[in-house]
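Asks: Please model the complete structure; the sequences and the hints are all you need to start from.
These protein sequences, in sequence, are chains X and C.
Per the working numbering, the first sequence starts with residue 1, numbered consecutively.
Per the working numbering, the second sequence starts with residue 1001, numbered consecutively.
Everything labelled a hint here was simulated from the structure, so no lab data went into it.
A hint or two may mislead.
To be verified - Simulated pairs of lysine-lysine, DSSO-like, Cα-Cα distance not exceeding 27 Å: (1) X/LYS153 with C/LYS1013; (2) X/LYS146 with C/LYS1430; (3) C/LYS1653 with X/LYS146; (4) X/LYS146 with C/LYS1013; (5) C/LYS1729 with C/LYS1408; (6) C/LYS1567 with C/LYS1624; (7) C/LYS1275 with C/LYS1133; (8) C/LYS1095 with C/LYS1050; (9) C/LYS1312 with C/LYS1408.
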Amino acid sequence: MPAVSMTVNGKAVSGNVEERTLLVQFLREHLRLTGTHVGCDTSQCGACVIHLDGIAAKSCTLLALQCEGASITTIEGLAEPGGALHPMQEAFREHHGLQCGYCTPGMIMSALDIVRRNGNELDEHTIREQLDGNICRCTGYHNIVKAIAAGAKNMPKVAVQQAAE
Amino acid sequence: MSATGIGAAVRRKEDFRFVTGHGQYTDDVVRPGETKAVFVRSPHAHAKIKSIDVSAAKSMPGVIDVLTGGDLATDKIGNLICGWLIHSKDGSPMKMSAHPALAAGKVNCVGDAVAVVIAESTAQGKDAAEKVKVDYEVLTAVVDPAKAQAPGAPQIHADIPNNTIYQWHLGDAKATAAAFAAAKHVTKLDIVNNRLVPNAMEPRAALAEYDEGSDHLTLWNTSQNPHVARLVISAFVGMTPEHKLRVIAPDVGGGFGSKIFIYPEEVVCLWASRKVKRPVKWTSDRSEAFLTDAHGRDHVTHAELALDAEGKVLALRAKTIANLGAYMSTFSSSVPTYLYATLLSGQYNIPSIYCEVDAVYTNTAPVDAYRGAGRPEATFVVERLMEVSARQMGLEPADLRKRNFINKFPHQTPVIMAYDAGDYLASLKKAVELADVKGFGKRKREAARHGKLRGLGYSTYIEACGIAPSQAVGSLGAGVGLWESAEVRVNPTGSVEVLTGCHAHGQGHETTFAQLVSERLGIPFDNVSIVHGDTDKVQFGMGTYGSRSGAVGMSAIVKALDKIEAKAKKVAAYVLEAAEGDIEFKDGKFTVAGTDKSAAWGDVALNAYIAHKFVGADLEPGLKETSFYDPTNFTFPAGCHICEVEVDIETGKTDIVNWTAIDDFGTVINPMIVEGQVHGGIAQGVGQALLEGAVYSKEGQLVTGSMMDYTMPRAHDLPSFHVGLTETKSPSNPLGIKGCGEAGAIAAPAAVINAITDAIGSEDIAMPATANAVWAALQRAKPRQAA
Chain X
1 MPAVSMTVNG KAVSGNVEER TLLVQFLREH LRLTGTHVGC DTSQCGACVI HLDGIAAKSC
61 TLLALQCEGA SITTIEGLAE PGGALHPMQE AFREHHGLQC GYCTPGMIMS ALDIVRRNGN
121 ELDEHTIREQ LDGNICRCTG YHNIVKAIAA GAKNMPKVAV QQAAE
Chain C
1001 MSATGIGAAV RRKEDFRFVT GHGQYTDDVV RPGETKAVFV RSPHAHAKIK SIDVSAAKSM
1061 PGVIDVLTGG DLATDKIGNL ICGWLIHSKD GSPMKMSAHP ALAAGKVNCV GDAVAVVIAE
1121 STAQGKDAAE KVKVDYEVLT AVVDPAKAQA PGAPQIHADI PNNTIYQWHL GDAKATAAAF
1181 AAAKHVTKLD IVNNRLVPNA MEPRAALAEY DEGSDHLTLW NTSQNPHVAR LVISAFVGMT
1241 PEHKLRVIAP DVGGGFGSKI FIYPEEVVCL WASRKVKRPV KWTSDRSEAF LTDAHGRDHV
1301 THAELALDAE GKVLALRAKT IANLGAYMST FSSSVPTYLY ATLLSGQYNI PSIYCEVDAV
1361 YTNTAPVDAY RGAGRPEATF VVERLMEVSA RQMGLEPADL RKRNFINKFP HQTPVIMAYD
1421 AGDYLASLKK AVELADVKGF GKRKREAARH GKLRGLGYST YIEACGIAPS QAVGSLGAGV
1481 GLWESAEVRV NPTGSVEVLT GCHAHGQGHE TTFAQLVSER LGIPFDNVSI VHGDTDKVQF
1541 GMGTYGSRSG AVGMSAIVKA LDKIEAKAKK VAAYVLEAAE GDIEFKDGKF TVAGTDKSAA
1601 WGDVALNAYI AHKFVGADLE PGLKETSFYD PTNFTFPAGC HICEVEVDIE TGKTDIVNWT
1661 AIDDFGTVIN PMIVEGQVHG GIAQGVGQAL LEGAVYSKEG QLVTGSMMDY TMPRAHDLPS
1721 FHVGLTETKS PSNPLGIKGC GEAGAIAAPA AVINAITDAI GSEDIAMPAT ANAVWAALQR
1781 AKPRQAA
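Replies: Structure (structure tokens):
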């Protein structure tokens, strides 16, 4: 089985995987980072969103081998080592932006990417449109939208990426 | 109201683990030596199994075993059951077919499990599953519930003619017929309540482990009710005696009813783990979930409303065909009967009602309760009849409703339910105000100038929740009582654990239940923890569904707290050297009446366990009390939702431009959580009305078999909601709680369809009212409004 090496949440990791092993399987099963979730098998739901070299990506649609040498951030890598939550995580709690919690890691990782691309002042319409790739069955999105707007405001100021993605 | 007491919008305790990725869902649990189960499933909707050859599969890399229905029968594992016995009009019992966990000689729907591969990895299991050779003799399938009883339709189960499970009725046929004969106006509607796939974001999973040394089985399972699963799997399926089975439902990622039922997969995992002597884990793919999770709704109904010249409703009658799928799922029989017909009075004083329901088998996935379970179907019938009647009679929809509202309580409906408290006019008035109905005409004209059709739709819904009084449901055929349990355990250090038979899969019980205990005992919110989901830890409980955890689950806690307070006072009497009758308890402190002698909660708790101060032998040490609470009635949440839509004439696309919800849930423990439940329910109701629909081809193939083809609501499909409350407390439980978990899903579909039909000036639209469907309806009808 081929070997793969990458950095996950700042730590160098490696393993032997089948060619067909998805990144999400590598994270969950090899590295025991079970915060990234699998919710569908057609790339719709977004429960598996992580950051690949600083950009949101669906880990169910990446092969582990594709990520050789990459820097991956998962939900487990957001909070401070001492336990202080990232402002976006805190915003989800403050605004009741989660109920069962299953879509939440992917929502938060996607939310960070929305801020990266659109800045800290997000309007409702933008957030709703940008969440097309994240499905929630519990909340009806009302509080997720509020949480993302609030979390964005509380994050360090970003320079908005002007280039088309 | 304290910052963490009843009525406070306390932030949730459970959130820390969920936002940091430290939730523990069933697939996250890993046991040493774990193997993976991959099911071989029928690609045919209806077929005989002529033979199964597992030899090639068995020799594939990583395969430990391959098991079939024949092996299951040899090991004498029993069938799955439906636990609610419904009788037909003629008194005969419902016709429940055999439902083995692995097909025995015949498959009856696409996805029916035929064999299971136990392998070292899921990938190896899938490779081997492809090598299992099943020789099928394909049979003609019947898929449409309206055709299942037709002469010549394929018979799915032996000895069950016309695929008919039961032919049930409720109400007074003669009085209803007489009322219709005398009516000045009769409204008739043909309604399809579209089939839905629940799609909780966490797929179902089961992890079974057999301990050979103690002959003990453990099951981690995505269950809303672990004790019920334990009872069914031990006593009915016969897997093992009840006391040798532990069921753990850890964090569960949404249920909406679909995780109530006992499914084949957990049965097979348990059986297989005992055979291969290693843990066996199965986690559903989403495509697998589409095929095998119990679907919801799927009613075909003809409904009629009889009114007098002034718009007073005289009678309602309905004939419904309910599709229960290929097998009867655990609660399936109750959903189109006692959870449906009993709500056909709506919020209205209707003198006569008669409802007939035929439940049928088809070659589709089993159908069972899904958020609202029968009440969305009832509300849709009633609220569409009312709205259409208003239009046909030239009356304002709100006025027609007001004319017929029940305003005296208790009110006995003709369909079993006796509503105990409510104020339907109050919620309607508040909703009309909040929705600015007065300004609608102006908004409609403005929209028309931009090529958009605006419409307004009401849904004044009522539901029966707080499921349920045991004697009542027992008399109606339920196999179990629907009480709830709570054990309140005070620790020597004064912290408190509450072991509840309820289960949280998003509802926030760790927070709301702690609010109740903290306020009642006057102890810090952080000193209370809530334990659920493990049959080894928690006494028997019925689980969470039917909006019951507040009304029934919290009532059990209240009763246990009453006992705690009584005993604590006895302990305090010894500590304070006073008569028990002189002890008062308030805000976490015990005082001797009329003195300044007091003891803190922590002091009394410790003394209960040290027992040094007890004189004589009449008081046992310890401070732990249990209550099993049986509610005295259902509760009746009710309210008014108003949906305002804008339909694009060119494309048929519907935008929801405003949603107003005024709900009466009685006492509210945490308004933030209650609003969240309403939001989520509305989203699912909007999904049903606009986007979702499980479609089978006539051969029984699930065409909408993934999220590519089945449209799940996304953030941009929904508006932000305007929600508010009115309150009439429930008289039937100590806290006055009615429950809120299903209301949005119950109210919403009727509000959406009433709005769209208003916008396009035609009733000829079915759910889901996709852009395509609305556009087609627009072509068939001329818009009613002037530009």
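Asks: Compare the structure with each hint and give your call.
Replies: A quick look at each hint next to the structure:
1. X/LYS153 with C/LYS1013: This hinted pair holds, its Cα atoms lying about 24 Å apart.
2. X/LYS146 with C/LYS1430: holds, 25 Å
3. C/LYS1653 with X/LYS146: holds, 26 Å
4. X/LYS146 with C/LYS1013: holds, 20 Å
5. C/LYS1729 with C/LYS1408: holds, 15 Å
6. C/LYS1567 with C/LYS1624: OK: C/LYS1567 and C/LYS1624 at ~9 Å, within 27 Å.
7. C/LYS1275 with C/LYS1133: Status holds; Cα separation ~22 Å.
8. C/LYS1095 with C/LYS1050: Holds: C/LYS1095 and C/LYS1050 sit about 26 Å apart, inside 27 Å.
9. C/LYS1312 with C/LYS1408: Holds: C/LYS1312 and C/LYS1408 sit about 16 Å apart, inside 27 Å.
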